[in-house]
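S.K.: With the sequences and hints as input, model every part of the structure.
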Amino acid sequence: MKPIQIFQNFGIIPLLAAFLAFAPTLAQLGVLTEFHINLLTYGMVFGLAGLAFNILLGYGGLLSFGHAAYFAVGAYTVATLYRYLRIENLEVLIAAAILTSLVVSAFFGLVATRFTRIFFAIMSLALTQIVWATTLKIYWFTGGSDGIRVPHMALLGIEFQKTMARPEYLSSVFYYYTLGVFIAAVLLVWLILHSPFGRTLQATRDNEVRAEFIGIPVRRYRWIAFTISGTFTGLAGALFAVLNGHVTPEISNWIFSGNIVFLTLLGGFRTFDGPLIGAILFIFIRQYAMGYTIYWELVLGAILITMVLIFSRGIMGTLYQYLGIAPGMTSLKTPSIAIKANIPTRSLKKGG
Amino acid sequence: MSGEKQSRRSFITAVGAGVVGLAVGLAAGSQVLSAGEKVVEKTVTLERTVTQQGGAATVTRTVTAGGTARPTPTTPIKVGAQYLFKGGGAVLGLPGAYGLRQAIKEINDAGGVLGRRVELLERDEGATDATVTEFRKLVLEDKIDYYFGLISSGNTPAVGPEAEQNRVLTIFTDGCTDLLFEQAVPNPKYVFRITNIQSSDAFTAAAGGVKVLFDTGVVPKDAKVAGIHPDYAYGRLIHDFGTTMLKKMVPEVQILDPQFVQLFGVTDFSAQITAILAQKPDVLLTSLWGGDYINFYKQSIGYGLFKQAKFITTLGFGGSPQTVGKDHPPGHIMGVHANYWFTHPDWTTWPLNKTFSEKFYQLWNEWPSFEGEGAYVSGLMWKSAIEKAAGLVGGYPDHTEVIPILEHMGYYGPAGYVWFRKQNHQGYKNAVTGVGGEDPTYPFATMTQVISIPIEKVSASAEYPTSKAWLESLPIGYRA
Amino acid sequence: MIDPSIFLLSLFNGLLYASVLFLLSSGLNLIYGVMRIINLAHGNLFAFGAYICVWLLITYGLQSLPMPAWYVLPPLVGGAVAAGIAMVVEPTLLRPVYKRPEEFQLLVTFGVMLVLADLLLLIFGGIPIAAREPYFVMGFIDLGVANYPIYNFVIIGLGLGVAIFLWFLTYRTRFGTMLRATSLDQSMAQAMGVNVRRLMTLTFVLGSFIAGMAGAYLAIKDTATLTLGVETLVLAFIVMVTGGLGSMKGAFVGALVVGYLRVLVTLLYPEAELMLLWLVTAGILLARPQGLFGGR
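Those protein sequences? They're chains A, B and C, same order as listed. Counting in the numbering used here, the first sequence runs from 1 upward without gaps. Counting in the numbering used here, the second sequence runs from 1 upward without gaps. Counting in the numbering used here, the third sequence runs from 1 upward without gaps.
Hints in this document: simulated from the structure, not taken from any laboratory. Where is the CB? At the ideal position from N, CA and C, for every residue including glycine. Any given hint could turn out to be false.
Keeping only pairs whose Cα atoms sit at most 30 Å apart, straight-line, the calculated DSSO-like set for lysine-lysine is [stated by the list, open to error]:
# : chain 1 : residue 1 : chain 2 : residue 2
1 : B       : K143      : B       : K189
2 : A       : K162      : B       : K143
3 : A       : K162      : B       : K189
4 : B       : K224      : B       : K248
5 : B       : K189      : B       : K457
6 : B       : K224      : B       : K280
7 : B       : K248      : A       : K162
8 : B       : K468      : B       : K211
9 : B       : K326      : B       : K307
Partial list, derived from the structure: chain C residues whose beta carbon lies under 10 Å from chain B [claimed, not checked]:
#  : residue
10 : D3
11 : S10
12 : F12
13 : E102
14 : L119
15 : I123
16 : G125
17 : N147
18 : T223
19 : V265
20 : P270
21 : E271
M.R.: Here is the structure:
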């Protein structure tokens with residue numbers, strides 16, 4: 001395949017993967033600092049969360065303000081398994097986190113997919129607040145607002161945590177481990193979204209009524225998408241627990257969900273790789289905005305408003321539109337989340 | 001350190017391209033330099049016999065030096081600090097920052113530390129995650145050499161391990177939870193903490209309450225004790241230890257179910273106050289602080305809670321003094337985290353306090369709180385330790401040379417004599433609490449009766465692994 | 001079994017909470033009813049009113065004025081400032097997204113929420129500020145075991161007053177008829193000659209004014225802090241869902257339900273309060289998504 005064809009089909013992902021792979025070497029050369037590597041790791045974790053979130057938003061047409069719940073479930077699974085069972089194998093912990101977030105998102109999804117549009121957003125918000133209130137109050141199990149400490153873990157069976165100090169561990173072996181998981185997850189999501197399932201999901205996004213009419217069980221597709229989305233978010237949460245070294249209830253708050261929404265919008269929710277770029281940008285912007293001014297929330301808010309009003313396609317979306325390509329998506333005609341059918345539909349749906 | 005760098009280097013070389021690996025090897029040589037120093041390290045082992053304060057001790061240290069004494073760098077010393085600057089906690093955080101700034105100012109005005117100017121990098125303290133991220137940034141990007149600060153007990157157990165792992169010499173101002181040195185950083189090397197430990201806080205509150213309320217008969221021996229605390233490490237510990245101690249000292253008390261409210265999460269305490277009133281308590285033990293306490297006492301006056309029960313607070317007077325107005329009813333125990341109230345020690349007998357307080361007022365237009373005093377003293381002790389270490393080493397000392405000095409160091413500060421305990425790097429000074437009331441000298445509520453307790457009576461001695469173990473070993477009817 | 005004074009206290013507290021919740025959610029409901037927008041920035045407008053009021057009383061020194069002025073002037077100014085912000089925000093930021101899907105509108109208000117939060121920090125600083133005199137000077141009534149602050153009745157009265165005002169406005173004035181028409185069928189109302197655009201702006205401004213004024217009155221009782229906005233928004237949200245989005249009657253009843261629920265839970269099992277509120281919200285969404293009185 002010619003490079004231009006690769007770009008048209010896969011967007012910026014190959015470039016991104018290459019950059020991420022070489023980043024630690026760049027750090028050794030002094031082009032980047034160890035802190036940048038740390039930030040990039042966070043970028044990958046949040047990129048994963050954004051990618052998962054975008055399964056619902058960009059591909060399914062559902063805005064969820066409650067993805068923090070699954071992120072937190074994944075993170076707390078890792079933290080509590082370490083704290084109470086002293087498990088230090090990251091693979092075991094990740095597997096457990098995937099399982100718990102799958103169960104929770106399947107359950108919550110059953111409830112949430114009864115609605116669409118605004119009510120879906122509200123319901124997802126309420127659900128994540130329940131998780132938040134629970135993690136805050138069952139102090140004896142979750143440590144309440146103090147949270148739980150998570151030390152560095154054994155990777156692939158090799159007990160790096162015994163030989164390395166945390167800073168070295170995070171910027172070398174853990175970085176590559178995260179990169180590996182990240183690439184595997186991105187590939188997996190790509191495959192899912194490019195399967196017949198993915199295309200059908202996009203059909204439900206574009207015109208819900210028509211999809212229903214041609215026999216697609218819209219609600220079931222949404223539920224499956226919800227579960228997949230929540231599971232990958234939980235995976236991101238699990239990695240976050242080790243990277244951050246600490247899990248606290250605030251990662252289950254709806255405002256934290258808002259961050260995931262923001263970064264997806266920033267990168268472009270109608271593209272596959274938008275959330276990935278958006279995440280890295282978000283981490284860096286937030287870090288440096290926080291460094292320059294204590295009014296960084298104002299900066300974020302202003303950027304968000306600008307994005308919604310003017311650049312609703314996000315960075316990657318605008319770029320691709322300019323180039324006239326659409327890697328990873330079925331259509332790029334309009335930036336709306338769901339085209340309103342001419343038949344008046346109520347935004348409230350009950351039943352399947 | 002070189003061993004770890006070896007495994008890291010070889011790992012990356014295995015993964016990266018071969019050409020890059022060569023460049024990495026060249027670059028790695030220059031990476032060994034640590035920030036701020038201009039000397040190329042050669043590993044040379046020296047043995048030194050050092051006589052330290054309190055007795056002669058032979059200490060063998062491996063000093064990496066270029067054979068001769070390390071010259072003092074001329075670059076400024078970078079010091080990082082995080083305090084609560086926003087929200088309900090700023091009532092404690094701001095004075096802390098003021099105290100540190102005052103110390104740094106005095107140090108710089110006197111020529112700095114060994115001639116090096118001190119540069120203070122302040123950042124916001126917030127929820128745990130944000131605080132740790134900012135801390136990492138200070139360490140990895142701003143390359144601070146030393147760290148002060150932190151108010152919240154939710155944050156020190158998170159930042160402590162990070163400081164240890166990153167080898168940053170740290171003196172925490174507060175965040176005084178026992179969990180820090182019992183669980184999070186059990187064998188601290190780089191981390192110290194200046195203000196009195198939390199279990200002492202609980203104990204002092206209880207002891208003060210017993211002295212003023214129970215032993216004088218104001219409150220009956222079988223009093224009912226209600227509680228309201230912020231829902232995090234600090235609040236839970238104060239409830240736990242405070243009620244344990246009350247029961248030890250006055251075994252007939254009845255401990256009622258306490259309320260836990262989210263820290264700075266509730267502005268209207270009507271429901272909680274009503275629930276407390278329903279319990280018909282004689283005493284209310286509370287560790288609400290900062291903006292929470294200001295709200296709570298204001299509404300408690302409205303509901304007449306102060307008439308129903310006597311308050312024992314651990315941090316009632318813990319913020320900037322002017323935040324508790326003359327409207328606060330007199331005769332209740334107003335705690336200062338067992339540390340310091342600016343009128344005590346008395347200014348005529350302890351001029352150091354007068355000088356410090358007046359300077360503080362002149363600079364910041366408010367009188368110092370205990371956080372301000374703690375931060376101030378930590379800055380001065382730090383300077384003193386570095387200078388002493390420099391004298392012994394004959395050059396600018398690194399952290400491993402300063403730490404043994406700090407571990408054995410005692411200092412006369414505005415609050416009195418304070419020292420660090422070697423085993424847990426915790427600071428100790430006499431515990432203080434008092435009774436609140438009106439005084440014409442000040443436009444706010446102040447202490448009309450100060451209760452000062454020798455710290456040994458309200459804190460576990462070194463041989464106890466946990467403060468809880470010591471508390472439980474005390475006899476019934478104990479008096480501090 | 002329960003001490004009568006405690007019972008009275010709880011009764012009043014329930015009314016107090018209900019009043020606060022109604023004041024918050026009435027504005028939100030008004031805006032949603034007409035514009036179909038959930039204004040996430042509403043809480044921070046409330047906070048603005050709170051800060052302005054306390055600032056006027058303490059820093060600016062309005063407390064030196066004769067007493068009745070304390071309870072009238074600063075809250076009105078607080079409401080006016082919130083209304084002013086709304087007047088700026090609506091045409092510039094919200095109007096462009098009316099034709100877009102509702103989610104975009106939600107995101108814009110989310111962004112405004114963030115901006116307002118930091119504006120509060122910028123203008124008023126990080127430390128919470130409190131006014132004491134206006135609250136204390138009103139005194140309290142003696143109920144035996146406890147007292148009840150009289151100022152709380154001011155809040156209860158305010159909530160009731162706003163409810164009556166809104167009812168009158170909606171059902172007895174021409175403006176109210178236009179409001180109801182627009183919320184039922186926007187395009188039809190426009191076809192009948194209603195200046196929908198101006199109506200939307202007015203509604204938004206009115207809702208924000210109520211929020212700012214409510215914040216001001218509440219700040220006299222509590223303190224003005226930075227987290228006030230998010231805290232109240234979340235509660236108002238719960239009321240909205242319980243009562244039914246866009247329904248004023250629903251907001252009234254919902255506020256009573258949630259208010260008394262809080263009082264009850266705090267008396268009996270305080271640890272569960274937070275979780276319970278959200279469980280109830282989720283439960284109502286499941287059982288009766290349109291809330292108690294919502295019809296859409």
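S.K.: State for each hint whether it applies.
M.R.: Now the hints, each set against the structure:
Between B:K143 and B:K189 the alpha-carbon distance is near 19 Å, which keeps this suggested pair within the 30 Å criterion. For the hint linking A:K162 to B:K143, the alpha-carbon distance of about 26 Å falls within 30 Å, and the restraint holds. Note on A:K162 and B:K189: the hinted pairing holds, with a Cα-Cα distance of about 18 Å set against a maximum of 30 Å. Between B:K224 and B:K248 the CA atoms are separated by roughly 15 Å; this keeps the pair inside 30 Å, and the hint holds.
Restraint check for B:K189 and B:K457: satisfied, since their Cα atoms lie roughly 26 Å apart, inside the 30 Å limit. Taken as a hint, the B:K224 and B:K280 pair is honoured in the structure, with Cα atoms around 8 Å apart against an allowance of 30 Å. Among the hinted pairs, B:K248 with A:K162 is inconsistent with the structure: their alpha-carbon atoms are about 43 Å apart, more than 30 Å. As the CA atoms of B:K468 and B:K211 are separated by approximately 22 Å, the hinted pair is consistent with the 30 Å bound.
In summary, the hint linking B:K326 to B:K307 is supported, as the alpha carbons are separated by about 16 Å, within the 30 Å threshold. Nearest Cβ of chain B to the Cβ of C:D3: about 7 Å, under the 10 Å cut. The hint holds. Checking C:S10 against chain B: minimum C-beta separation of about 6 Å stays under 10 Å; hint holds. A least Cβ separation of about 9 Å between C:F12 and chain B falls short of the 10 Å threshold, and the interface hint therefore holds.
Interface restraint check: C:E102 against chain B, minimum CB-CB distance 30 Å, threshold 10 Å, status violated. For C:L119, the interface hint is violated, since its Cβ never comes within 10 Å of a Cβ in chain B; the closest pair sits about 13 Å apart. A least Cβ separation of about 13 Å between C:I123 and chain B goes past the 10 Å threshold, and the interface hint is therefore violated. Taking 10 Å as the C-beta contact cut-off toward chain B, the hint placing C:G125 at the interface holds, the least distance being around 8 Å.
Because the smallest distance between the Cβ of C:N147 and any Cβ of chain B comes to about 4 Å, under 10 Å, the interface hint for this residue holds. Because the smallest distance between the Cβ of C:T223 and any Cβ of chain B comes to about 5 Å, under 10 Å, the interface hint for this residue holds. This hint holds: C:V265 has a C-beta 8 Å from the nearest C-beta of chain B, less than the 10 Å allowed. Evaluation of the C:P270 hint against chain B yields a held restraint, the C-beta minimum of about 5 Å falling below 10 Å.
Nearest Cβ of chain B to the Cβ of C:E271: about 7 Å, under the 10 Å cut. The hint holds.
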